[in-house]
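With the sequences and hints as input, model every part of the structure.
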Amino acid sequence: MAIGTLAVQRKVSLSEPLWVRILLISIALIFLVLFLFFPLLIIFTQAFDKGWAVYLASISDPDALAAIRLTILVAAITVPLNAIFGVAAAWSITKFRFKGKNILITLIDLPFAVSPVIAGLVFVLLFGGQGLFGEWLFQNDMKIIFAVPGIILATMFITFPFVARELIPIMQSQGSSEEEASVLLGASGWKTFVHVTLPNIKWGLLYGIILCNARAIGEFGAVSVVSGHIRGLTNTLPLHIEILYNEYQFTASFAVASLMSVAAIVTLILKNFFEWKMNNGIGESV
Amino acid sequence: MIQLTDISKNFGRYQALKHINLDIPSGELVALLGPSGSGKTSLLRIIAGLEAADEGVIHFEEQATNDYGQQVGFVFQHYALFKHMTVFENVAYGLKVKKRKERLPKQKIREKVQELLQLVRLEEFADRYPSQLSGGQRQRVALARTLAVEPKILLLDEPFGALDAKVRKELRRWLRRLHDEVSVTTIFVTHDQEEALDVADRIVVLNEGVVVQEGTPDEVYHHPNSPFVYNFLGDVNLFKGRLERGKLHQGLCEWEISGDLERQSEAAVGFVRPHDLLITRDLTVKDSVPAWITYIQAFGKSVKIELKRQDSDEYLEAELSREQFNELQLQKKELVYIKPNQLHVFTPDDYSI
Chain B
1 MAIGTLAVQR KVSLSEPLWV RILLISIALI FLVLFLFFPL LIIFTQAFDK GWAVYLASIS
61 DPDALAAIRL TILVAAITVP LNAIFGVAAA WSITKFRFKG KNILITLIDL PFAVSPVIAG
121 LVFVLLFGGQ GLFGEWLFQN DMKIIFAVPG IILATMFITF PFVARELIPI MQSQGSSEEE
181 ASVLLGASGW KTFVHVTLPN IKWGLLYGII LCNARAIGEF GAVSVVSGHI RGLTNTLPLH
241 IEILYNEYQF TASFAVASLM SVAAIVTLIL KNFFEWKMNN GIGESV
Chain F
1 MIQLTDISKN FGRYQALKHI NLDIPSGELV ALLGPSGSGK TSLLRIIAGL EAADEGVIHF
61 EEQATNDYGQ QVGFVFQHYA LFKHMTVFEN VAYGLKVKKR KERLPKQKIR EKVQELLQLV
121 RLEEFADRYP SQLSGGQRQR VALARTLAVE PKILLLDEPF GALDAKVRKE LRRWLRRLHD
181 EVSVTTIFVT HDQEEALDVA DRIVVLNEGV VVQEGTPDEV YHHPNSPFVY NFLGDVNLFK
241 GRLERGKLHQ GLCEWEISGD LERQSEAAVG FVRPHDLLIT RDLTVKDSVP AWITYIQAFG
301 KSVKIELKRQ DSDEYLEAEL SREQFNELQL QKKELVYIKP NQLHVFTPDD YSI
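The listed protein sequences correspond, in order, to chains B and F.
So for the first sequence, my numbering puts the first residue at 1; every next one is plus one.
So for the second sequence, my numbering puts the first residue at 1; every next one is plus one.
Bear in mind the hints are in silico, worked out from the structure with no lab data behind them.
Some hints could be false.
Straight-line Cα separation of at most 25 Å, SDA-like style, residue types lysine to any residue; simulated pairs [as the list claims (entries may be wrong)]:
id, chain 1, residue 1, chain 2, residue 2
1, B, Lys101, F, Leu252
2, F, Lys152, B, Thr192
3, B, Lys277, F, Glu89
4, F, Lys96, B, Arg97
5, F, Lys332, F, Ile296
6, B, Lys202, F, Glu170
7, F, Lys83, B, Asn200
8, B, Lys99, F, Tyr14
9, B, Lys202, B, Lys271
10, B, Lys99, F, Asp54
11, F, Lys99, B, Lys50
12, B, Lys95, B, Ile209
13, B, Lys271, B, Arg165
14, F, Lys332, F, Glu194
15, F, Lys83, B, Gly189
16, F, Lys83, B, Lys101
17, B, Lys101, F, Tyr14
18, B, Lys95, F, His84
19, B, Lys95, F, Asn10
20, F, Lys83, B, Lys50
21, B, Lys277, F, Arg128
22, F, Lys96, B, Glu275
23, F, Lys98, B, Gly189
24, F, Lys83, B, Glu275
25, F, Lys108, B, Val194
26, F, Lys83, B, Phe96
27, F, Lys112, B, Lys99
28, B, Lys191, F, Ile109
29, F, Lys98, B, Asn200
30, F, Lys99, B, Pro199
31, F, Lys83, F, Asp54
32, B, Lys50, B, Thr251
33, B, Lys191, F, Phe88
34, B, Lys202, F, Ser131
35, F, Lys304, F, Leu335
36, F, Lys18, B, Arg97
37, F, Lys83, B, Lys99
38, B, Lys50, B, Ile265
39, F, Lys96, B, Thr192
Laid out in structure tokens, this is it:
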């Protein structure tokens, strides 16, 4: 009897009254609609405001196409490099014992802590005309700032942590006994990596890559500082949108923005899928 | 024959192993027994080549080696099965990753894996994933996977640690039979003295990075060389007293001791196993001590009795066979007389080991 009463009491105290639940859910929903769904809708309505023809013209404009090409090029270079770096960093942090490990972990987080504008400025100070290596670069006829290499460098810096950050906790929780088992069974380091480590971190790695890719495509601050906004040459998509907007070409700027929104939605779907796969994988092992 | 010479290992300032010297004869089943932190797992990992010793050498089969190759097989405490591979793929792994020249043809690999799965009685589970197996089955997959590469030495780290009591007993008997069948030198690490005594040919007792004693189960159990080993290998009762002329004196009592009769000490401690404690109602038994029975645990084959000495309030533990217990008809809260039958005496000198 006493136990029964206790259970009932606990149940009552754990569940909120109906009006509280309705209120909380409504607040959450209103915020979602106002700040996320509504703006997204605006982007697409504005983009198609003047019809398909204008929309297509906006995104097939030579400058827009150049921006798309450059953005894809930057992502195609930075994402694989950062994926390799991320795996190497996560591997060394989780599988080896060495001094200064915590400093390395902190350094990996640096791009998260520093404002992108400052990150861009650092590159200007290093490679710009008045910069540390400026003169040497000029003499050797190399251009980094206000050119594609600078954009790639800045994007690399900003997207540095994504893959490593994603992999470190996964690899830490997995430990290295599977790798040790593989090596003791006679497998080489490379075979161990391909057959044992990679399958275990696959979904986490893809998750990190997709986040890294989204940021590489969307980065504005750091790229804006180093790019010089040269149309058709050093404009990425976000910079191109800003220029169009500043020139009151609203429809065109929203049309290009809608492209990036589609990329964002695809990213979200992929991210959720990888997350789901990852959690399933972890669930399987327990 | 594996010969360990002067092996030392430090983790930072912590000295995990201190100058270990050990010979392990071929074909034997050896237990490295010790409490946690005794260095037993570090020693096993060094033999496996997973850690490097800071000092010392290991010789395998009379030849010095740093090239472990595949002569060492290692079974991990938590099995470390490849979770994205089936049981079959796990067992086949060591055969598949061999260099092309040494690799068996596919059909041969298949046959060998089937054979191994038969050996560990898991033929029907070939297509399962590790997550779909019980702990005991995973353990057997880990063993089969290790045996696939035909190691000369088999190392097992707490092989039954993560299993429940019943499966553990079954599996350790099975390991014993398996060892006799494939006759490979086997070293396993355990903190469970019962397991070591039950399965091993030889027991190496480790404590704080030092080999305290090594010998057959019979030797270490019946002739422990130190209070630590005596304590670690089973329950004990302590009788503190003065050692003189081959007898331990405590108050008015004097008890015969086994071992060296010449020793003298003012602060000796007699160790008695619970089953070596005599319980009687007879007041006239010479050199007996009165004690109250405080608790009787009467299920199972033997009966455990907890007693409290009347004179010193110290607690003692006795173990009787069911027949003895039925004969005596002991009751809780009853006053009885106890006497150690077998005393193993250690003096303060022994504690320095």
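Status of the hints after comparison with the structure:
no., hint, verdict
1, B:Lys101 / F:Leu252, "violated (65 Å)"
2, F:Lys152 / B:Thr192, "holds (22 Å)"
3, B:Lys277 / F:Glu89, "holds (22 Å)"
4, F:Lys96 / B:Arg97, "violated (30 Å)"
5, F:Lys332 / F:Ile296, "holds (7 Å)"
6, B:Lys202 / F:Glu170, "violated (38 Å)"
7, F:Lys83 / B:Asn200, "holds (8 Å)"
8, B:Lys99 / F:Tyr14, "holds (16 Å)"
9, B:Lys202 / B:Lys271, "holds (13 Å)"
10, B:Lys99 / F:Asp54, "holds (18 Å)"
11, F:Lys99 / B:Lys50, "violated (65 Å)"
12, B:Lys95 / B:Ile209, "holds (21 Å)"
13, B:Lys271 / B:Arg165, "holds (15 Å)"
14, F:Lys332 / F:Glu194, "violated (29 Å)"
15, F:Lys83 / B:Gly189, "holds (19 Å)"
16, F:Lys83 / B:Lys101, "violated (28 Å)"
17, B:Lys101 / F:Tyr14, "holds (20 Å)"
18, B:Lys95 / F:His84, "holds (20 Å)"
19, B:Lys95 / F:Asn10, "holds (19 Å)"
20, F:Lys83 / B:Lys50, "violated (55 Å)"
21, B:Lys277 / F:Arg128, "holds (19 Å)"
22, F:Lys96 / B:Glu275, "violated (32 Å)"
23, F:Lys98 / B:Gly189, "holds (13 Å)"
24, F:Lys83 / B:Glu275, "holds (18 Å)"
25, F:Lys108 / B:Val194, "holds (24 Å)"
26, F:Lys83 / B:Phe96, "holds (22 Å)"
27, F:Lys112 / B:Lys99, "violated (45 Å)"
28, B:Lys191 / F:Ile109, "holds (18 Å)"
29, F:Lys98 / B:Asn200, "holds (21 Å)"
30, F:Lys99 / B:Pro199, "holds (21 Å)"
31, F:Lys83 / F:Asp54, "violated (34 Å)"
32, B:Lys50 / B:Thr251, "holds (7 Å)"
33, B:Lys191 / F:Phe88, "holds (18 Å)"
34, B:Lys202 / F:Ser131, "holds (18 Å)"
35, F:Lys304 / F:Leu335, "holds (16 Å)"
36, F:Lys18 / B:Arg97, "holds (22 Å)"
37, F:Lys83 / B:Lys99, "violated (31 Å)"
38, B:Lys50 / B:Ile265, "holds (23 Å)"
39, F:Lys96 / B:Thr192, "holds (12 Å)"
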